[in-house]
Amino acid sequence: MRVRVRYYASFRDMTGKTEEWLEAPEGVTVQGIRDHVRGLYEKIARKDQVLVAVNGSFTSLDRVIMEGDDVAFFPPVSGG
Amino acid sequence: MIRIQVEDFDVGALLEAARSPSSGCVVSFVGTVRDTSRGRRISHMSVEVYEDMTRSQLEAIRAEALEKYGVDQITVIHRYGDLDVGDNIVYIGVAAGHREEGFAACRYVIEELKKRVPIWKKEYTPEGEVWVEGDRHE
Numbered sequence: 001m002r003v004r005v006r007y008y009a010s011f012r013d014m015t016g017k018t019e020e021w022l023e024a025p026e027g028v029t030v031q032g033i034r035d036h037v038r039g040l041y042e043k044i045a046r047k048d049q050v051l052v053a054v055n056g057s058f059t060s061l062d063r064v065i066m067e068g069d070d071v072a073f074f075p076p077v078s079g080g
Numbered sequence: 001m002i003r004i005q006v007e008d009f010d011v012g013a014l015l016e017a018a019r020s021p022s023s024g025c026v027v028s029f030v031g032t033v034r035d036t037s038r039g040r041r042i043s044h045m046s047v048e049v050y051e052d053m054t055r056s057q058l059e060a061i062r063a064e065a066l067e068k069y070g071v072d073q074i075t076v077i078h079r080y081g082d083l084d085v086g087d088n089i090v091y092i093g094v095a096a097g098h099r100e101e102g103f104a105a106c107r108y109v110i111e112e113l114k115k116r117v118p119i120w121k122k123e124y125t126p127e128g129e130v131w132v133e134g135d136r137h138e
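If you read the sequences in order, they're chains U and R. Each step along the first sequence adds one to the number in the working numbering, with nothing skipped, and position 2 is 2. Each step along the second sequence adds one to the number in the working numbering, with nothing skipped, and position 9 is 9.
Here chain R stands alone, though its shape is the one from the complex (with noise of 0.2 angstroms):
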């Protein structure tokens, strides 16, 4: 399952979701939002979203942590919006048969979906706005 929305997630209801008899384990992520950032205060995001290209970047990604570490299932679900500290921005839980293939899968959705899925972070700090850029080269 892949969401992309404004709303919060219930990480413990997720979990609960995600078991099942034939998976031995669920292996989750949960970004949330920091008070600092490369040493300034924040107060608060936003989070914006290229959402068709997310949608499709991410079932892509999910696809190919399926395929390539055989885990049973993965739940991928980014709010954008305006969120404050402590607020919840990413969850991704992987239900596999052993914690090998759990958390290698939950590694590899959260550093592709950092390189290569259009969602952008702006930081407000006592200095004014800036838009968090990440590091993919061309």
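The following block holds chain U by itself, in its conformation from the complex (with noise of 0.2 angstroms):
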């Protein structure tokens, strides 16, 4: 299955990347997806905070991404 992410902020700096296309096992989860960014991108490896959106809304760690989900890649947030 062939998964969509996306990188914003300093995660963008850290991969050179705006988005990419990553191979993943069917019933991959949400922390499945992002243990294999991190064993990708050492930067991101070491960051204690590594926040994930599927769809465009905070999820749980457990949920199965489906081929077709948007997933996205960020640190904590600093608006406002």
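Hints are computed from structural coordinates only; laboratory data are not their basis. Glycine included, every Cβ here is placed at the ideal spot set by N, Cα and C. Do not take every clue at face value.
Quick list of in silico lysine to any residue cross-link-like pairs, SDA-like style, CA-CA up to 25 angstroms [unchecked claim]: (1) 122/R / 27/U; (2) 115/R / 46/U; (3) 114/R / 35/R.
Covered stretches of chain U, as calculated for chain R (at least 3 residues, CB under 8 angstroms) [what the hints assert, rightly or not]: (4) 7-17; (5) 70-79.
Mind assembling these two chains? They're in different frames, but the hints should get you there.
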């Protein structure tokens, strides 16, 4: 299964990408895809806080990712 | 009303528009670009948003505040793009029957925004660029 992931703010700088497609097994969870991304990028692996949103919402780590889901990775927010 | 925009906003006009005969007060919060941050001089700032999620998160927070505090009207505007020292960043305006719920709702919106709306600031200092990260825990 191919999953499109997007990176924001410092994570875009760390990956050098705004988005990419990752190959992931069927049934992969949010935790699984996050571990996969941490494995690809050492700078993200070193971060304490790696937030993930699926289809524009925060979600539990055991949620199963479906084909076509929109997965976004970003650091803790700092608006306001 | 929720707006996510590059353009500046007119606080006076927003406050005027928030007035209504049925509300007893208008409470507002305006966030602006400070010239220092954690001891460093700031020359300017850029603000990045994940726009779709920012809109849905702000809609949710606005609905929560209207429900929780029973206020009449809430407007939230957040800017993105390049901003100079002193520029407006965010506006929150609450029209309410009384000050207690007006202040409480305004405070709720800004505190929740800072925790869960995907917006990030990058500050430009003499030592280089620094992404500001909040302290949300998973």
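The hints, checked one at a time:
A distance of roughly 36 angstroms separates the Cα atoms of residue 122/R and residue 27/U; the hinted pair therefore is violated under the 25 angstroms criterion. Only pairs whose Cα atoms come within 25 angstroms are accepted, and residue 115/R paired with residue 46/U is accepted, the gap being roughly 21 angstroms. Between residue 114/R and residue 35/R the CA atoms are separated by roughly 20 angstroms; this keeps the pair inside 25 angstroms, and the hint holds. Counting residues of the segment 7-17 of chain U whose CB lies closer than 8 angstroms to any CB of chain R gives 4, so the stated coverage by that chain holds, three being the minimum.
Coverage of the segment 70-79 of chain U by chain R holds. Counting CB-CB distances below 8 angstroms, 7 residues qualify, and the rule asks for three or more.
Of the numbered hints stated above, the single one contradicted by the structure is hint 1.
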